[in-house]
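Listed below are the residues making up each chain.
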Amino acid sequence: MAERSFAREVQDLKLGNGDTFHGEGILAITKALLQSGVGYVGGYQGAPISHLMDVLADAQDILGDLGVHFETSANEAAAAAMLSASVMYPIRGAVTWKSTAGTNVASDALSNLASGGVTGGALIVIGEDYGEGSSIMQERSHAFAMKSQIWLLDPRPNLESIVKAVEDGFELSEATNTPVMLEVRIRSCHVHGRFAAKDNKPPAFTMAQALENPRRDTNRIVLPPASYMHEKEKIEQRWPAAVSFIKERKLNEVFEGDIDDVGIILQGGMYNGVIRALQGFGLADVWGNTRIPLYVMNVTYPLIDDELIDFCQSKRAVLMVEEGQPDYIEQALHKILRKADVPTKIYGKGELPIGGEYTAAVMAAGVRKFLTSAAPEVLPDHIRAPNDPSILAHDKIKALAEVVPARPPGFCIGCPERPIFAAMKLVEKDLGPHHVAADIGCHLFSILPPFNIGATTMGYGLGPASASAFNVKADKRSISIMGDGGFWHNGLNSGIGNAVYNQHDGVILVVDNHYTSATGGQDILSSRADNKSRSTNHPITEAVKGIGAKWVRQIDRTSDVTKMRDTLKEALTSTEKGPKIIVASSECMLNKQRRIKPLFNKAVKGGERVVRERFGVDEDVCTGDHACIRLSGCPSLSVKHTSDPLKDDPVAAIDNSCVGCGNCGEVAEAAVLCPSFYRADIIHNPTGIDQFMAKLRGGIIGFLQRRRDRRRLALV
Amino acid sequence: MNIMLQPPAIDLTRPLSIAVLAMGGQGGGVLVDWIVALAESQNWIAQSTSVPGVAQRTGATIYYVEMIPARADAAYPVLSLMPVPGEVDVVVGAELMEAGRAIQRGLVTPDKTTLIASSHRSFAIQEKLVPGDGISDSSKVYEAAEAAAKRFVAFDMATLADSTGSAISAVLFGALAGSDSLPFGREAYEATIRAAGIGIEPSLRAFAAGFERTQADAASATPPTPPKPASAGKLYPALAPIGDAAFDALVADASTTFPAPLHGIIAAGLRKVVDFQDVGYGREYLDLVAGFRRLEQGSDPALTRAAAKHVAVAMAYDDVIRVADLKTRASRFERVRGDVLAKPDQLVYTTEFMHPRMEEVLGTLPAGLGLWLESKPGLCKTLDRVVNRGRRVQTGTVRWFLPLYVLGGMKRFRRGALRHKREVAHRDAWLDLARTTAAKDYELAVAILEARRLVKGYSDTHARGASKFDRVIAVAPRLAGRADGGQWLRRLCKAALADEEGKALDGALATVETFL
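Keeping their order, the protein sequence lines are chains A and B.
The opening position of the first sequence corresponds to residue 59 in this note's numbering, with each subsequent residue numbered one higher.
The opening position of the second sequence corresponds to residue -2 in this note's numbering, with each subsequent residue numbered one higher.
The following block holds chain A by itself, in its conformation from the complex (with noise of 0.2 Å):
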């Protein structure tokens, strides 16, 4: 179950002619998927393309009637191998994922695509994480459509466009036998806008068809000498056929400006950017009108020359607007010139940053630099030497710098992965710190204050293969993590297989939360919930004992910090060879929360005797050391100073978001911090005989309580 339901949202999918769409852009891009017959999609999450995933695998029932096969895949390379759907039959075929990381696992895949070359249209969705937010390294997928050649659509960041690019990208597929990437960035993704719907469109040729009727042809298979032939293809066929499609179709766009000896050259998602840049000088307005000329790019590569040299021949300079780097783009726009022999001065990085996101205050500086070189007579004065001191160099406001704390992700209120982390810092207090190998997932989050473990992430799944050459004999070992998604995505093989296979002596955890949770809660093999449409409940123990490991220990209640720290060491100290493994098993709290609250509340509603646990801390008994919170960082285990005159310090403090998981607790008595601590049991609906023990133990307890109340001053 995805962290996010769009059961409501689905229903959009099924709008048609004369409707208009409203919602997000992966919505609009699932839309156009289905308005342009697609036959099939698959794809890995992961943001910012998790809820296209999410709203395909909650529109199931739309995708059967039209007849559309949809797969969760097993990892990016799976994904884009589903295209190979596409090489012999007339079907369109659609795939998606993260980006870059995602297109690293998918290339072998990619590069096998593009070089047989496909029948039906064979669309990529990436979802560009790259800028403000991003989770991953900072580089570009363009290079992966240069080697590959595989075209890349770039579309101006609105529905419209976006929609239209999606259709335009399986007709230019299947006019060039290439595989597309359509390129969505990370705000696109989640822009709320609207678009006009058409119908769906059910898929022309159908798998069922394909399968019933197989195809094949040698030449489409990478193996010399069509391979050979392959290269060949893509130059004199593919390529040339391109070129014309995109021209014919007007896939690029120019804006006419009346300001037409200077040009912006612009990728087609940086096109809201530079239109807001040119209106604060008064150049543009919110419509789109323009002064400037701009060249569009909806289509990233390949390079149209003549519209290049159309565009900059009559212009003194350009300014290429490319975001990221290397600077591909402009780098080829010189060549084009220079080859055309026109004499166009490009501007571009230099008065843009080199790298990183061109935000709404970057993107206006650069366009500034270049006008103020180019063409100064077109900007207003106090635009072209600004005086207007910023507000952030008021002291006030640079005295912020002192009090806003940084506030990374971190791991969530009851997060059953906090525990384990917890009990690697109480084993690290016992043996002394260990070489880990950290993983992609939540998990990761254990880099961060308060926890402050794991050295390195080499990439989804390969924590425990990125220790693999600390298999010598040493005093220590190395310990690897990863969690149950990039165990499926690859980690079995790349990590597990691996250390049983060269006899790795080393720990691996596995953090196994039933579900893909950092991108978004979906299901996966070892998911323990029911799916009426996957195959779930397969244990990693077994997984892993399947392909050879021996020492194989599952812990199914995460927050028992003492089991948790006590198996750990074991793991570090035991003399048996090969890898010692570790699953440890809680369900994310995110998707437990959403899963049992409304069955809670439906219960307390209902009258039924139900039991609610949280945690608490006696702010009497608390000195203020906030030990527990080193071994947490819950968020809902919070500070707060007392009224206590004799107290400087806060105290702990446990607000009522909280789920009682148990961790303070637990850490508390496994680290021996102290007693201020107590699980509160709200017994909801108590029945008649909690009511009677109540009163009984109340009689008791009460008496006593009074009794020694009588003998003492009446002082606090």
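Just so you know, the hints here were simulated from the structure itself, not pulled from any lab data.
Do not rely on the hints blindly, as some may be mistaken.
[Stated by the list, open to error] Rough simulated footprint, nothing fancy, chain A against chain B, three-plus residues with beta-carbon under 8 Å: (1) 61 to 75; (2) 234 to 244; (3) 335 to 345; (4) 499 to 512.
[As the list claims (entries may be wrong)] In the BS3-like style, the derived pairs of lysine-lysine whose C-alpha atoms are separated by at most 30 Å in a straight line are: (5) B:K373 - A:K487; (6) B:K147 - A:K454; (7) B:K373 - A:K456; (8) A:K308 - A:K256; (9) A:K660 - B:K340; (10) B:K491 - A:K454; (11) A:K655 - B:K340.
Positions of the beta carbon are idealized from the N, C-alpha and C atoms, including for glycine.
Fit chain B to the given chain A structure using the hints.
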């Protein structure tokens, strides 16, 4: 310039822009969805963006909305996907420091921006994990907001949300409506909440609360005031008789011994130690503090004030008996019910997480027996195996309450216990040092007393704190006589509270060594 092309008519209309800075899980997305639906319901075109990704997991995140009235010719606007510093009309900070972050990012400018912030704090991990007080100073955000915002609206929306049984997003939506920043009437906002269809009634209540508070603040023209510092929240009991002859005699005595400004802290300390042990213990306390009173030199009795506070804390150390007593009190049972917001018809049982060790047992034994046992490490180890494990104590059941109750009643044996002997010896050494220092370096003596703040926690934590205290105190005699001796000792204490391992303290001590 090409004369063939006429300049296009540039429309100077600017879209209205709203940036929402929130923490993952605060419902910022809900608020933004409402704003978009509101605008669309009024025939405006609205575009929102967000950057979810990992920021969802409790980290700081930003949502952005632009909106503009739709045109009759169905032209579609080109709206920005991210806020432009200097051009944001409304900034919503769903938590005070997030509002501060918006100011830092240049999104709040004096000519344009209405800043709507919830004044509540959700502390970041760095603020919480320091062994001392790491809470950021909220007033700095208020000062910055006054400088940066055209208008600043701030009140505690989290508490308001709780009291209406809803989420902070609904209160923020109400504050947005109440600020009249958008050209839409209250009914349009309320219709939006109804149309969204989830938790309608509580959302409307929270909306109304936010709306009315904002309008009332605007009507009274009162600028938002920062919360008072923590020291203002301390409640000092009265140095007054309570109807017990022995205690009241102490009160009468203290009232004459100490000047009136110290009565509050003396009363707090006296109550603490008498509650810890007995009236006789209160007498000891007053005598110890009075000893410092006699060492006063100037008009400000800083030494006595520090002694009144820290001698009480040192005397009322946290031992097993104390914890058992506190955990079994009727007042504690009541407090827990309040803390967990239990309703009258609900039953509440607590389970305590305790982990006694042999050390605690030895400390509670009579000093002689304790010392004898301590000298038999093998025996101690064996016994520790029996004692040393986590215990879940269900205080609400008779079976568990009774042993705790009995333990809590063992006060009368405390004075003879090993732990007490040790505490007294440690305390005496510290107070002796303060007393002998006072004559030659008054400031340093005050700082020596205040260093007691470092000793806190239980078991390992306590040991670590005590060792920091000992290290700091050990330097004190060598600082005596320097003009800045007191200041240096305070600096050392601050460093000791900065981190758990004592790295900052190591650094500070190394610095001190350079000039000693």
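Going down the list of hints, with the structure as the test:
| no. | hint | result |
| --- | --- | --- |
| 1 | 61 to 75 | holds (count 6) |
| 2 | 234 to 244 | holds (count 3) |
| 3 | 335 to 345 | holds (count 8) |
| 4 | 499 to 512 | violated (count 0) |
| 5 | B:K373 - A:K487 | holds (27 Å) |
| 6 | B:K147 - A:K454 | holds (15 Å) |
| 7 | B:K373 - A:K456 | violated (61 Å) |
| 8 | A:K308 - A:K256 | holds (21 Å) |
| 9 | A:K660 - B:K340 | holds (17 Å) |
| 10 | B:K491 - A:K454 | holds (25 Å) |
| 11 | A:K655 - B:K340 | holds (19 Å) |
The structure fails to meet hints 4 and 7 from the earlier list, while all remaining hints are met.
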